[in-house]
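Enquirer: Residue numbers (my numbering), protein chains in the order written: chain S, 1 to 365; chain G, 1001 to 1091; chain H, 2001 to 2539; chain V, 3001 to 3208.
Treat each hint with caution, since some may be false.
[Claimed, not checked] Now the in silico label distances, taken between C-beta atoms and shown as ranges: (1) G:I1085 - S:Q316: 41 to 47 Å; (2) S:Q316 - V:G3126: 47 to 53 Å; (3) S:R90 - V:L3153: 26 to 32 Å; (4) S:G260 - G:M1086: 33 to 39 Å; (5) H:S2023 - V:D3134: 15 to 21 Å; (6) H:S2023 - V:P3051: 44 to 50 Å; (7) S:G75 - H:I2426: 26 to 32 Å; (8) S:T177 - V:G3124: 38 to 44 Å; (9) V:G3126 - H:A2490: 53 to 59 Å.
I should point out that these hints are in silico values taken from the structure, not numbers from a laboratory.
Yeah, the Cβ is synthetic: ideal placement off N, Cα and C, and Gly gets one too.
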Amino acid sequence: MNDTLRGLLGLPEQASSVARDIDMLHLFVILTTLLGAACVGLVALWFAVRFRRRPGDQLTPRVQANPWWEAGLIGALTCLFVGWWVIGYRQYLHLQVPPIGAYEILVSAKQWMWSFAYPGGQRSLSMLVVPVGRPIKLVMMSRDVIHGFFVPAFRIKHDVVPGYVSVAWFQAEYAGTFQILCTQYCGTSHSTMRGEVVALAPADFALWLQGSRQPTRAAEAEEAAERQATTPGGDRLDISHLAIDGDPIDRGRRAAARHGCLSCHTEDGQRHIGPTWRGLYGSRVELADGRSLIADAEYLTRCMMDPLGNAVAGYQTVMPSYRGTLDPDDAASIVEFIKCLAMADAPAAVANPSLPTQPYRVGPP
Amino acid sequence: MSRTPFGEQAITRVFLGLLALATTSLVLSSHDLGSGQLPVALGIACIKATLIALVFIGVALARPSHIIAVILAAVMSSAMIGLVIMDVMTR
Amino acid sequence: MTPPAQDSTAGAKSYLVAETTWSSWLMTSDHKRIGIMFLAATFLAMLLGGVVALILRIEHLTPHHTVVDAMTYNRLFTLHGVIMVWLFMIPAIPAGLGNFLLPLMLGARDVAFPRLNLLSFYVYLLGAGITLSAMLMGGTDTGWTFYTPYSATSPTAVAPVVAGVFVLGISSIMSGINFIVTTHALRPRGMGWFDMPLFVWGIYATSIIQVVATPVLGLSLALVVLDHSFSWGIFDPARGGDPVLFEHLFWFYSHPAVYIMILPAMGVISEVVCTFSRKNPLSYKAIAYSSLGIALVGFLTWGHHLFVAGQSAYASGAFGIISELVAVFSAIKVVTWLGTMYRGSIAFTTPMAYVFIFLFLFVFGGMTGVAQAAMSLDVHWHDTYFIVAHFHFIMVGGTLTGLIAGLHYWLPKITGRLPNERVGLIAAALVLMGFVITFVPQFLLGNAGMPRRYYDYPVRFQALNVISTVGSWLLSSGILLAFGSLLHAAFRGPRAGSNPWGSRSFEWRTASPPITANFERPLDLVPGAYDYSVVNPHD
Amino acid sequence: MTELFAETQDGVALAERDSLRRLGMMVFLASEAMLFAGMFTLYAAGRIRHPQAFADGVDHNLRWVGTANTYVLLTSSWCIAMAVVRLRSGSRRSALLLVSATMLLGLLFLGLKGYEYQWHLAEGDGPMAVARHDPGIALFMGLYWLMTGTHALHVIAGLIFLGYVAWRVAYRQANDRLLEVAAWYWHLVDLIWVFIWPLFYLLGRVSR
């Protein structure tokens, strides 16, 4: 039943944990719609025949709607529509709030390609490799204009707005390759800004992560990928390689030094103008505005973009916003650097057992 | 206008009231009211604007059908500002 | 100042032949002539936009390059959107048919400010001129939504296109003010708000939106120019701005703008249904109030365009539920129209055929819109062809069929001649078939995940795209046939009497075509505009 | 300009034909108010995101100019309101004097505004230099030029309108109706300034 209707509506496969529920609502809503339109059309035609004009017709009786009928109709329709909204909004909130402990991947969008940075410091272009059966949280930034991250098979979509940290999440249900499309018009080659999600079984994923640690000439690979990604006409991007950029600690530290982060944040646990980075990742932080949360990649990225709104309690709000000046790749590598500082003596696991540290280690679990 | 328009006395009284409100606003701005600074200043501005609209523009005396558009603009602009603020504050 | 009763208008010529010089048209302050000039201008705009649409569809016959390159394609879809929205849909029924009919339906001699009305037409021409000449200078590729920061950085001619739309907005505000004042103040003694023909309610509700929402469009467009030309960065994150705010301001206008397009069409449908069913509306007040309801509640739903843009989940939820509620008003209208036919005396004429098409397409298209306010579905559908198909169902299936129905219905009023029924019905059938074949595949494409504004698409989408393109040929031939037959009838059609359809609505209580002063005697309000249960003394 | 608002000469219209102009102006004012409402929306969102930069921007502005202009505009509003009353009661001469006073105050407003603009330009903060500031300040300065500039344009439009009406009153014996709608427009200009003043001149970072 589900598959037949899905086929009739042209919906793609249901490859994520949410797809099936959303499709059920979809079927319900579309069937009601079709039924409504058909009823109105048929009743109109029936009236046209039944009450067709006959010779000599001049006057018609005055018919007025019964106010109770009107009220009933309004009530019924309101209930129907609000019912749709209740189901839809619940699912929407489910889509908006990633589960705690999801595997975080930093996504950087630019005209006209996607790049991905993994917790262990690996990077890939136009190909997002994820483990099956585990929630994946995408922390997305754009370098230039608004892009839209859309995976039809997962029923997820989110705009990637420059200067902001956009978050989406999904959980692939089985291994396979699923297309990524850009849905927000972003310039000449908007329609070729595509990519793929490659969902692997957990063991395969671990192997892949390990394999990608082999040093390669990252710059060359990236260049080649960029050429390929911007060539219009390719129906499916074939970027089956990875770009690895040396030691993430090194890259992140260089970026942090370049942007002046290290003049306020220390690497060794010392309190300075800003909180130290040692052990920060994964720990619980109390914010100046009373919130209390776990410092994950999303929080750290938000701090860089909007320090004022995310200030840690007990520190002066002197940090400038890096929105617009810090490009997503640098932001990603600084986050990776902060992560590595946390893992050096792993206070994260102690501070917050619900946040698994395992995936951030390199190698098979 | 269906009723007698405002006379010189009424207009002058409202004008003096506006001057007093403006001076209040000015004096308060050099005192630190903490988080009340913005609401107080804008509250006074709203009172002044209402006075100008009601008396000077004569909204208070106009026929209801004449001020539908004005009321609508007031409602829609508050809705726009309110909903956008709600989005920005909770984003 | 002399009341027409004592005027020497008895035996006066119709407005069409009273004066025949060029300047008597170009400098006229007669609302009927201005309405016709608006209709002519918007018709030309529709032809241009339609040709562009055909090129876009032909390009999609193959997944990759077919006839134009990517850059041209992007400029063409922008051109299509800008022309169809601002040059055709928004002015066509209100400023065209509305101008012609509003004073006639109110028994007035003209609109409240006749010279402002003429100025509005020339401002429209100026705006159209600026926009189209900018398109000739290379045009712009931002899409009709002009989202920043892309529009602020696009190397194309963004500023002049935006400036043209800005000017068109001024024209729209002028017409809106004029119609509001006309409706309020120029009703004859004895005509209360609930005695007005229903079309007037549609135009009135539309005018409110035009006056209140359009300034915000002007502001957001002006800021795009400042961002683009002077790097102000009001919407540029690198300068502390917020691109999502542009979306807020833009949709604060552009969502109500879809009601600017559909409300007058709903007014047309109300008139046509009553006349050709010879029946009073099932509930006059339901139609009148729901027009206002759509206009007012429609202002508060704009945020449903931002469900995946990073808007807060709270704001999204609020916008979602308000969007669900606004649909109830449209549903009330549909049911009331259906009920109007009940126990009527229905003549299956061309305008009535378009009413049936409108009912079917509008219900389906409208409910797919409500479906998007079930928010998890919008996440999948947003910015895909599903959206494209949805708003074309409303805009083409609703507004355009409403316009064609209205033109057939009021052609005798405007020109004094009858349209050709047989050709009209054939054209209606072509329009329906072409429409379904064009846009139903686009719903499926959207479900399958094809994003909009896509020059180059994955091969698996080709079959449906080809069907859609073929449909567009049928649809355009239907529209051409309809307008061709109307034009032919306007000059060569058989003479109609003053009231060929036996309507009770007030605009038919004067000669067809009317004299320049509209009425020779003060309008007689008895029987009411929809009172089909008593004998009409005016017949 | 007001020729455009000449009414339909229509015997079947409602008796109160003056209501056309009044109503037209009311609707137009509603439209104008929405234009500024959009700008205030931008200001609100900007201030929420960059409270400190906006406070700094306010402190940097010339507070005395904004304050003086507030009193100038309020007084001009009183003048024009009085002028309408006087013309209604038949004293054309004193009405014309009050209109002239209004226009002089309007010019004084523009003069002060011009001085302030000159001062900003001398500081290198002109409208063409908005992009050179730090992000939050750039947004504040962009909004400053946008909102005060649009307001100043409305002051100029109001002056032209008033001048035309004064000419009509003096030489064409026009009645108080036309002056009244012109006065309404002038009051709207005042009403908007009532909000611009605290937002751009008063609500700074610290007490002074």
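Enquirer: A separate judgement is required for each hint: does it hold in the structure or not?
Expert: Against the structure, the hints come out as follows:
{"no.": "1", "hint": "G:I1085 - S:Q316: 41 to 47 Å", "result": "violated, 27 Å"}
{"no.": "2", "hint": "S:Q316 - V:G3126: 47 to 53 Å", "result": "violated, 33 Å"}
{"no.": "3", "hint": "S:R90 - V:L3153: 26 to 32 Å", "result": "violated, 49 Å"}
{"no.": "4", "hint": "S:G260 - G:M1086: 33 to 39 Å", "result": "holds, 35 Å"}
{"no.": "5", "hint": "H:S2023 - V:D3134: 15 to 21 Å", "result": "violated, 58 Å"}
{"no.": "6", "hint": "H:S2023 - V:P3051: 44 to 50 Å", "result": "violated, 60 Å"}
{"no.": "7", "hint": "S:G75 - H:I2426: 26 to 32 Å", "result": "violated, 42 Å"}
{"no.": "8", "hint": "S:T177 - V:G3124: 38 to 44 Å", "result": "violated, 56 Å"}
{"no.": "9", "hint": "V:G3126 - H:A2490: 53 to 59 Å", "result": "holds, 57 Å"}
The structure fails to meet hints 1, 2, 3, 5, 6, 7 and 8 from the earlier list, while all remaining hints are met.
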